[in-house]
Amino acid sequence: MAVFAVAMVKDEADVIAGTLLHLADEGVDELLVADNGSTDGTREILAELADTLPLTVLDDPEVAYHQSEKMSRLAAGAAEAGATWIVPFDADELWVFRGDRLGPELEAQTRADVVTAELLNHFPSALDPDGVDPFVTIRWRQPHPAPLPKVAFRWRPGAVIHQGNHGVTLPGPVRAAGGIEIRHFPYRSADQFVRKARNGAVAYRATDLPADVGAHWRGYGDLLDSHGEEVLHDVFRQYFWKLSPADDGMVLNPAPYRRWPTSPS
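Quick note on the working numbering: the sequence shown kicks off at 782 and runs consecutively.
Calculated directly from the structure, the hints in this document are not laboratory data.
As the structure is a prediction and not an experimental result, all values here were calculated from the model.
A hint or two may mislead.
If you anchor each label on the Cβ, the simulated ranges turn out as follows [stated by the list, open to error]:
hint	residue 1	residue 2	range
1	D881	L1033	20 to 28 Å
2	V917	A958	26 to 34 Å
3	G818	L929	24 to 32 Å
4	N1034	D881	15 to 23 Å
5	N1034	E861	37 to 45 Å
6	P1037	S970	18 to 26 Å
7	Q1019	P842	31 to 39 Å
8	P924	H1008	26 to 34 Å
9	P954	V913	41 to 49 Å
10	D972	P938	41 to 49 Å
11	T865	T950	13 to 21 Å
No residue lacks a Cβ here, since even glycine has one placed at the ideal position from N, Cα and C.
Could you put together the complete structure from these sequences and hints?
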């Protein structure tokens, strides 16, 4: 049994090291990451981490955001390298099993082919402490899981990961279970929000996907083109930064980040 975590990333220099170190501490056996033309230092961080982690780094030069196709291809590559379980993750996510380490829990799973993961969104606030690691400083989260969960799954040939990593199509009957929690840190600063919006808009515009797929990124791109960065700073401050998080219904609940003292051998 082997658990592989796979991802495609772009311009995530503020969190990528923490994400990968966390997954290693959670007992994931191998990490497979495709860098999609990062320009903020993410690619250099990945190269450095590959010297110490069980990490394989690939380069993905295609701008278009064909996430389902690309992630499914990464999963197939992981299976060829020996994966029995696949964890499709994003750089802004911390995956935690409600029990032991994520890797051993999946390896011990005998009754399910798919394990769903509740997604809990963290947003920055005026009460955040100083620091450079968003997984430490952004301590307030929404009280309820986001509507769409994510999944880890037992590999089968022909597996197709859905756009957004919110599901997987597997040949044959599928047994499902729960038990995973994801702490999600999508918007961490005004500048990071602008960069993510710009990248997302460019990537979706380069696809032939229907207009309603990635509609929010396309919309942010239109705002950016029409009114400049400051309007997106306003969007960030209005919707994703909390002056008084408790009054806004947020819960003070720091993420269980790197909860194990060392990576398991």
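Checked hints:
{"no.": "1", "hint": "D881 with L1033: 20 to 28 Å", "result": "holds, 26 Å"}
{"no.": "2", "hint": "V917 with A958: 26 to 34 Å", "result": "holds, 30 Å"}
{"no.": "3", "hint": "G818 with L929: 24 to 32 Å", "result": "holds, 27 Å"}
{"no.": "4", "hint": "N1034 with D881: 15 to 23 Å", "result": "holds, 21 Å"}
{"no.": "5", "hint": "N1034 with E861: 37 to 45 Å", "result": "holds, 39 Å"}
{"no.": "6", "hint": "P1037 with S970: 18 to 26 Å", "result": "holds, 23 Å"}
{"no.": "7", "hint": "Q1019 with P842: 31 to 39 Å", "result": "holds, 35 Å"}
{"no.": "8", "hint": "P924 with H1008: 26 to 34 Å", "result": "holds, 33 Å"}
{"no.": "9", "hint": "P954 with V913: 41 to 49 Å", "result": "holds, 47 Å"}
{"no.": "10", "hint": "D972 with P938: 41 to 49 Å", "result": "holds, 42 Å"}
{"no.": "11", "hint": "T865 with T950: 13 to 21 Å", "result": "holds, 18 Å"}
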